[in-house]
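Turn these sequences into a full structure, and let the hints steer you where they fit.
Protein chains in written order, with my numbering: chain A, 4 to 414; chain B, 5 to 417.
Hints are computed from structural coordinates only; laboratory data are not their basis.
Note that CB positions come from ideal geometry on N, CA and C, so glycine has one too.
There may be inaccurate statements among the hints.
Example chain A residues on the side facing chain B (calculated, C-beta under 8 angstroms, incomplete) [unchecked claim]:
| no. | residue |
| --- | --- |
| 1 | Glu209 |
| 2 | Ile279 |
| 3 | Thr281 |
| 4 | Tyr282 |
| 5 | Lys287 |
| 6 | Gly289 |
| 7 | Gln290 |
| 8 | His291 |
| 9 | Ser296 |
| 10 | Gln313 |
| 11 | Arg316 |
| 12 | Pro319 |
| 13 | Lys320 |
| 14 | Lys322 |
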Amino acid sequence: MVSIYSFRPIFLIPSKCLYYYSAKKCLVQNCTFSSVTTKPISSFKGSLLNNKVIERLEKLTTRHTVLSKELNSQSLDVIDSDFLARNSKELSDLSSIVIPYQEMKKTQGELDEINMFISDKSGDEDFKKLAHEEYQETIEKLKSLEQSVITALLPKDDIDEKNAVLEIRAGTGGEEAALFAADILNMYERYALLCKWKFEKLSIDEDSLGAIKEVTASISGVGVFGNMKYESGVHRVQRVPATEKAGRVHTSTITVAILPEPTEADINIRELDLRIDTYRSSGKGGQHVNTTSSAVRITHIPTGFVVAIQDERSQPKNKAKALKILKARLFDMERNRVHQERSYARKRQVGTGDRSEKIRTYNFAQNRVTDHRINLTLHELENVLNGESLQTIMNGLKIFYQSEALQNENY
Amino acid sequence: MYQRFIRQLLPKCSHNVIQAKQEIKWLVFYINNKYNNNYSSSNNNCSSSNNNYNNINYIDNNINYSDNINLNDYNNNNLSIKEIIEKKFSEKEREILNELIKERVEQSKPLQYILGTQPFCDLEIITKPPVLIPRWETEEWTYQLITKLNHLFSINNNNYKYNNDDKKYNKKYNKKYNKKYNKKYNKKYNKKYNILDICTGSGCIALSLANSLPPNTCQIYGIDISDDALSLANLNLANLNNNNNNNNHDNNDNNNSNNNKMNNQVKFSKLDILQSSIEEIKSLFNEDDGIDLIVSNPPYISPMEYNNNLDPDVKLWEDKCALMANDDGTEFHNRIAYLASNYLLRRNNNNKFHDDENQEIIIKKYQIPQLVMEIGGSHQVEKVIHYLNKYHFGWTQIWKDATGKERCIVARL
Ligand SMILES: C[S@@+](CC[C@H](N)C(=O)[O-])C[C@H]1O[C@@H](n2cnc3c(N)ncnc32)[C@H](O)[C@@H]1O
Chain A
4 MVSIYSFRPI FLIPSKCLYY YSAKKCLVQN CTFSSVTTKP ISSFKGSLLN
54 NKVIERLEKL TTRHTVLSKE LNSQSLDVID SDFLARNSKE LSDLSSIVIP
104 YQEMKKTQGE LDEINMFISD KSGDEDFKKL AHEEYQETIE KLKSLEQSVI
154 TALLPKDDID EKNAVLEIRA GTGGEEAALF AADILNMYER YALLCKWKFE
204 KLSIDEDSLG AIKEVTASIS GVGVFGNMKY ESGVHRVQRV PATEKAGRVH
254 TSTITVAILP EPTEADINIR ELDLRIDTYR SSGKGGQHVN TTSSAVRITH
304 IPTGFVVAIQ DERSQPKNKA KALKILKARL FDMERNRVHQ ERSYARKRQV
354 GTGDRSEKIR TYNFAQNRVT DHRINLTLHE LENVLNGESL QTIMNGLKIF
404 YQSEALQNEN Y
Chain B
5 MYQRFIRQLL PKCSHNVIQA KQEIKWLVFY INNKYNNNYS SSNNNCSSSN
55 NNYNNINYID NNINYSDNIN LNDYNNNNLS IKEIIEKKFS EKEREILNEL
105 IKERVEQSKP LQYILGTQPF CDLEIITKPP VLIPRWETEE WTYQLITKLN
155 HLFSINNNNY KYNNDDKKYN KKYNKKYNKK YNKKYNKKYN KKYNILDICT
205 GSGCIALSLA NSLPPNTCQI YGIDISDDAL SLANLNLANL NNNNNNNNHD
255 NNDNNNSNNN KMNNQVKFSK LDILQSSIEE IKSLFNEDDG IDLIVSNPPY
305 ISPMEYNNNL DPDVKLWEDK CALMANDDGT EFHNRIAYLA SNYLLRRNNN
355 NKFHDDENQE IIIKKYQIPQ LVMEIGGSHQ VEKVIHYLNK YHFGWTQIWK
405 DATGKERCIV ARL
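Given below as structure tokens:
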């Protein structure tokens, strides 16, 4: 008899799960995370899984066992493809939950053993020290496993798999804000590089000093929006500007928006609703002139949205970029509308709602970055700004919002 | 100095400051790449890890110099063009920039001839005087055509979604997929889709089609009368083959693809479309069963227009024979319609390049033409439609460009 686990590479590992692990791996390979001092988000006693959730997990485990047995009892020679098709999908969905859950239970058992060691009054002191270390490690492992379980348990939002359009705008603080916008742009670009995503600047409005008033970029790859969506909001910087002679700390802000990039199927713009302006659109065009002016400005007449792009030497490419931004904005507007219409939308849905909320502070004097939503502070500003420690913050946010969602799920 | 350059360039840029700045930016990057390879090469090092799409880095406003990878310097890599010219450039580099701008202004040399390339669809086409510089209008309709044709090739193959935007990004993925796909595809459809590009010039249309259509689905022919054009077209072909070769290290396991580095094969030949006999024309193709699609951007400027109002950039630098045509600029359209209808296009009874009922439906749904000809504007529409009707094209349509001008006439028999 063939063990069910020999099937694993084919259909037991759900894609989401694979992605989770591979994304983690790629980050680890590409940069060394410096040791992070963070306030614990939740001590493990306050595990996010409440009794109801655990009850449900146990039910799913039983179902998983039954299904595996059934699939296992099929001989490979007379495999019933219909049966396989029907059940392997369910099994693979279940496995993404049950496998980390089992692992979690095992780890919980280990933790209990360690606890016994620690509380053993007659124990050797050196031994106890060791046990304490092991305790910390095990807790970390448990948290990460729990995260996998939660991720798998929550309904998957297709939108998380979409590519994203990133918009950064300098806010209050004049040139200092524009300089900070350039820093943040660099942070996301480096982060995308670490994630092996494609990062393409679509348009950039730049002052002569390399300060950015406004920039738009497209980020594509696996799970971009799902990871980046928590970045929308007001980012605040506190530092002494290079031009400040008195050495006073200034506070300035920039706004970041992450918009999911719609696919063809998501949004349909009528040709008629667009007005497309190019320089020198008078005259015959074609072979008659050889223009180098590739700038394009598109106006969406019904909404009044205007997007102008000039960076590429190819006019059709500028047009395509402008359309991409326009579509993302329209799609975002539509999502917000639907969201607001829903009467049950009590909870702020991340990535749609209020972009004027102050979400994060970068304090140079104290070498710290604080995310105000989850009260997480990293004392390694440099590593956040070069993209490496950004994942730590994003993980924290993900855990926070997912556990929030879990509490609101109806079981 | 920056301000002076801008002022100098203004007359060449319809007095638009933004455009003058853009031209300077491109010139600066050009000089930077050409005379200062250490910047660009380290830039490549950094991007090689994440595939091919980073070779368009140079268009970015803030150049990430070699310190791109240096984490401590990330605050300083935003240099404006003004700063590059005035601080980073050596005296010699500034002098070169000055010379190039002089050429551009005093001799009306087109920017694309100075830079040596023009982006076209997903390619960088090499440009050399006097061969016509590809126009954005042509690029635009070529894109449109590619999108339509890809519908045709994705018949019966829902898995194979070809997306131009993601193409470079997904190249690796596609490569793997394509192998599987090709096997399936070739078994079913042994005939290739034949495309003929008449008056191919730099080869921009033919090469873009070859590059952007699914692998091994098409055979593409390009013809031109001019030796300059043909050698440039072949240079572009060779250049693309080399590039593709360099970029795909996993090419080795594709043993059969020695001369097949582009997605589809392209062959350029010398031919005078107006004078050559039918036999001469037909002898260029291996296929007896005809051509599936003819595209052409033939000369279409009337002698009057040519003599009276033409930009010096165009008139002084680009080949007259690439621009001017008799009969109000419609001489070629007439000839091409005649040849296409009577000799070149696959005829009705074996209209299909492979046996598939869906093909008919897709062609109707996406309005895929058999003949695409660029025109000079609304003034030529009536004449060209008249030719097409005369030669039994039952369906014709006009494609407009982004500025709303009549740009192409397309037709089916
Ligand atoms: C307007 S250019 C088009 C070039 C290119 N297809 C493009 O779109 O950029 C026209 C081309 O037709 C070629 N040509 C002119 N007379 C021709 C003829 N009698 N037979 C074939 N080609 C001709 C010219 O050499 C020139 O390259």
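Do the hints match the structure? See the list:
no.: 1; hint: Glu209; in the structure: holds (5 angstroms)
no.: 2; hint: Ile279; in the structure: holds (5 angstroms)
no.: 3; hint: Thr281; in the structure: holds (6 angstroms)
no.: 4; hint: Tyr282; in the structure: holds (6 angstroms)
no.: 5; hint: Lys287; in the structure: holds (5 angstroms)
no.: 6; hint: Gly289; in the structure: holds (5 angstroms)
no.: 7; hint: Gln290; in the structure: holds (5 angstroms)
no.: 8; hint: His291; in the structure: holds (6 angstroms)
no.: 9; hint: Ser296; in the structure: holds (5 angstroms)
no.: 10; hint: Gln313; in the structure: holds (6 angstroms)
no.: 11; hint: Arg316; in the structure: holds (5 angstroms)
no.: 12; hint: Pro319; in the structure: holds (5 angstroms)
no.: 13; hint: Lys320; in the structure: holds (7 angstroms)
no.: 14; hint: Lys322; in the structure: holds (6 angstroms)
The structure meets every hint from the earlier list without exception.
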